[in-house]
Amino acid sequence: MNATETSTAVSEAANPLVDLTVKSPGDRGDLFENGWGAWLQTTGGIVGILLLVQFLTGVLLAFYYVPSVDHAHTTVSFIEKVLPAGSWIRSLHHHVSHWLPVFLFLHIVRLFRRSAYNTATVHWIASVIVLALVMAAAATGYSLPWDARAFFSTRVAEGILSGLPLLGRTARLWALGGNEISTLTLSRFFALHLLVTPFLILIVVAWRFSGLNLSLVAAGPNVNPIATGRVCLQNLSRQLVAGSLVFAVLAIYSMKYPASLGPAVTTMTPDYLPRPGAQFLWLYQSLKYVHGSLGSVVAVVFPGVVVLALTLLPWLNLAALQKFSKQPQRLIGGTILTVCALLIVTMTSVSYLSDRRDPRVRQQLARQAADEEAFRKEPFVPTPLKLDNRNPALATTPASSQGGPPMAYTKFCAMCHGEHGEGARQGALRFPPLLGVSAKPRRTVDDIVGLLNDPKAYGLEPPMRSFATKLTDQEKREIAEWVVTLKK
Amino acid sequence: MHNDNASAAGPDKSRRAFLILVPLGMLAGVFTSVATAAYRFLKPRISESSNKWIDVAPLADLTGNLPLPKKIVAEQIAGWATSTEEHFVYVLPAKNNQVLSAVCPHEGCEVSWQTDTKLFSCPCHESYFAADGSRISGPARRGLDPLPTRLQDGKLQVQYQAFENNTEQRITRS
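Protein sequences, first through last, are from chains F and V. For what it's worth, this note's numbering labels the leading residue of the first sequence as 1, then goes sequentially. For what it's worth, this note's numbering labels the leading residue of the second sequence as 1, then goes sequentially.
No lab work stands behind these hints: they were computed from the structure. Any given hint might turn out to be false.
[What the hints assert, rightly or not] Computed beta-carbon distance windows for the label pairs:
#1 V:Thr-84 with F:Tyr-352: 47 to 55 Å
#2 V:Leu-66 with F:Ser-187: 47 to 55 Å
#3 F:Met-255 with V:Pro-44: 41 to 49 Å
#4 V:Thr-84 with F:Ala-191: 27 to 35 Å
#5 V:Gly-25 with F:His-98: 26 to 34 Å
#6 V:Cys-124 with F:Lys-487: 25 to 33 Å
#7 F:Arg-155 with V:Gln-169: 53 to 61 Å
#8 V:Glu-126 with F:Lys-487: 54 to 62 Å
#9 F:Ser-210 with V:Asn-166: 47 to 55 Å
#10 F:Arg-356 with V:Trp-53: 55 to 63 Å
#11 V:Leu-59 with F:Glu-419: 28 to 36 Å
[Said to hold, decoys possible] Straight-line C-alpha distance at most 16 Å; calculated EDC-like pairs for lysine to aspartate or glutamate:
#12 V:Lys-52 with V:Asp-12
#13 F:Lys-386 with V:Glu-86
#14 F:Lys-386 with V:Glu-75
#15 F:Lys-386 with V:Glu-85
Where a beta carbon is used, it is the ideal one built from N, C-alpha and C, also for glycine.
Same shape as in the complex, but just chain F (with noise of 0.2 Å):
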């Protein structure tokens, strides 16, 4: 090392906002060494790349999408099957919030070895929030599309809200914006995932960088700037080129790989095996070991104990453990790190095991695989918007006046029975017409209001299910009342 890289390294070490190029005493070696140990030290720049990714392809997809529960699943269908370069940019978008928790995680080990909760402390919080908070995207990202997988990702976050102690209730209705999932919960997933957890990583990626320049020029005059700048380019280079050739791959890969997407929640069988997002199996798997609202607390607090614990760590360097370890930083963390790592990886894995294993549910899975496979292939059909009722002369048949359906049954039967009861076909699942449905024993119009209210009563089996409290009494008899004139 020669004069002017120790004077370097020297004034930089008092700057702890420098950490591109800090050296900390104790992890010499770790910065800006050459050849392929420093393209270890590049998981920044590649988490800087997928994020610019998953905002370019974010907001390509948000040109289309529609957050509704009528129109979702069709306009990502839309995307996918008619749009030119709609199925990458989704796959893309998809597979790289796969990966991008992945080298969060490895740029916060790397963090942890070179002690930056210290050194640069701004960077090192910075980091476990930007992964908390991407956790939260793909979480709410995974309901958006409402075919059966979105649906399930729904269901669980609404199960484990829940179960938590004591505001269990709350935080449930709070999340889903009423005590059922509807289209207002699929609003406030989108609106979380396309606004408010963008704009927060924003923030505190902005916070990360906002003290990187000033800190060069406060790094001090004895600092020879073109070297400095040297060691800067270098390490930028190298983090733009790992950050691309990461792209390069999964751009490569997404191509092969679309996201799936199977049919509409509508079309759902009673058979289906959810399976989450590869980010979310670890702690699928782990609730399948923790019962009751215990799991909840091991879903929600245990990674909210974590990030406190990470975000806390510049602060942790408590006396009381100090008898413990000589750094009770290293302990804690290193713990934390070990330990959240040990599990996500063996839960992952005993996840994907279990399910190869077990022969009924691969068989269950294949078939399902089959499904998404078989409705990819089908063509595009566009949804038919409702005209304007304003509009007298072209606006559907009010209810029952000329023997039109009800608009009960518009709302809640048409979906699978079909608009006048002609019964529908939606993939491999075929709902049987209502035409001619009186000749039938057991289905008078007083019939019809009590299998509305107890399905199962009346020998029906899912998906037909009970409209008990969706439908008024009012409702179900106009619906009973206009079933039954329906002929051959």
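Since chain F is already given, all that's left is putting chain V on it; use the hints.
Chain V in isolation, oriented as in the chain F frame:
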């Protein structure tokens, strides 16, 4: 980095240029691939005008010498949705049941038939058209636009089309 400082300005300079050009090129690659996809993804989608024949009225109803206003409902495919749009047309029984679009060829307002003056007038910029659709006065640069028609099962049918505004020639909008 040990001998970097020792090297002279010449090779160092080219090394620096290389150091920055390659990564910038790769970054440009990232942006280019996303931008190319973005361009294709966001490119406006020209909806194919549906060549469906739309019923206007039974032939028996089309009598007299005056233009008859009719409403037709045309289907429109816009991306992921189909919707229906209503358009006004005028049938000219006196002109072998020619059908005129009510859309003014000036800026696209809808003309109405004035029974007192026996003219079509546009409420927006006061263009006037004769009972056969030909231009009389005002800023419009051509007469009202006729639509393709046919007879089917005793009914007059029309194909709805839109035309470019404000041109002398009649150009189908696509």
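Results of checking the hints against the structure:
1. The hinted window of 47 to 55 Å between V:Thr-84 and F:Tyr-352 holds, with their beta carbons roughly 49 Å apart.
2. For V:Leu-66 paired with F:Ser-187, a C-beta distance near 52 Å keeps the hint of 47 to 55 Å intact.
3. For F:Met-255 paired with V:Pro-44, a C-beta distance near 25 Å fails the hint of 41 to 49 Å.
4. Between V:Thr-84 and F:Ala-191, the C-beta spacing of about 31 Å keeps the proposed range 27 to 35 Å intact.
5. With their beta carbons about 27 Å apart, V:Gly-25 and F:His-98 fall inside the hinted range of 26 to 34 Å.
6. At about 51 Å, the CB distance of V:Cys-124 to F:Lys-487 disagrees with the hint of 25 to 33 Å.
7. Distance hint for F:Arg-155 and V:Gln-169: a CB-CB separation of about 59 Å, consistent with the stated range 53 to 61 Å.
8. Between V:Glu-126 and F:Lys-487 the Cβ separation comes to about 56 Å, which falls inside the hinted range of 54 to 62 Å.
9. In this structure, F:Ser-210 and V:Asn-166 meet the distance hint of 47 to 55 Å, their C-beta atoms being roughly 53 Å apart.
10. A C-beta distance of roughly 57 Å is found between F:Arg-356 and V:Trp-53, which places it inside the suggested range of 55 to 63 Å.
11. A C-beta distance of roughly 31 Å is found between V:Leu-59 and F:Glu-419, which places it inside the suggested range of 28 to 36 Å.
12. Taking the CA atoms of V:Lys-52 and V:Asp-12, the gap is near 70 Å; set against the 16 Å cutoff, the hint is violated.
13. Among the hinted pairs, F:Lys-386 with V:Glu-86 is consistent with the structure: their alpha-carbon atoms are about 13 Å apart, no more than 16 Å.
14. For the suggested pair F:Lys-386 and V:Glu-75, the alpha carbons sit about 12 Å apart, so the restraint of at most 16 Å is met.
15. With a C-alpha separation of about 11 Å, the suggested pairing of F:Lys-386 with V:Glu-85 holds against the 16 Å cut-off.
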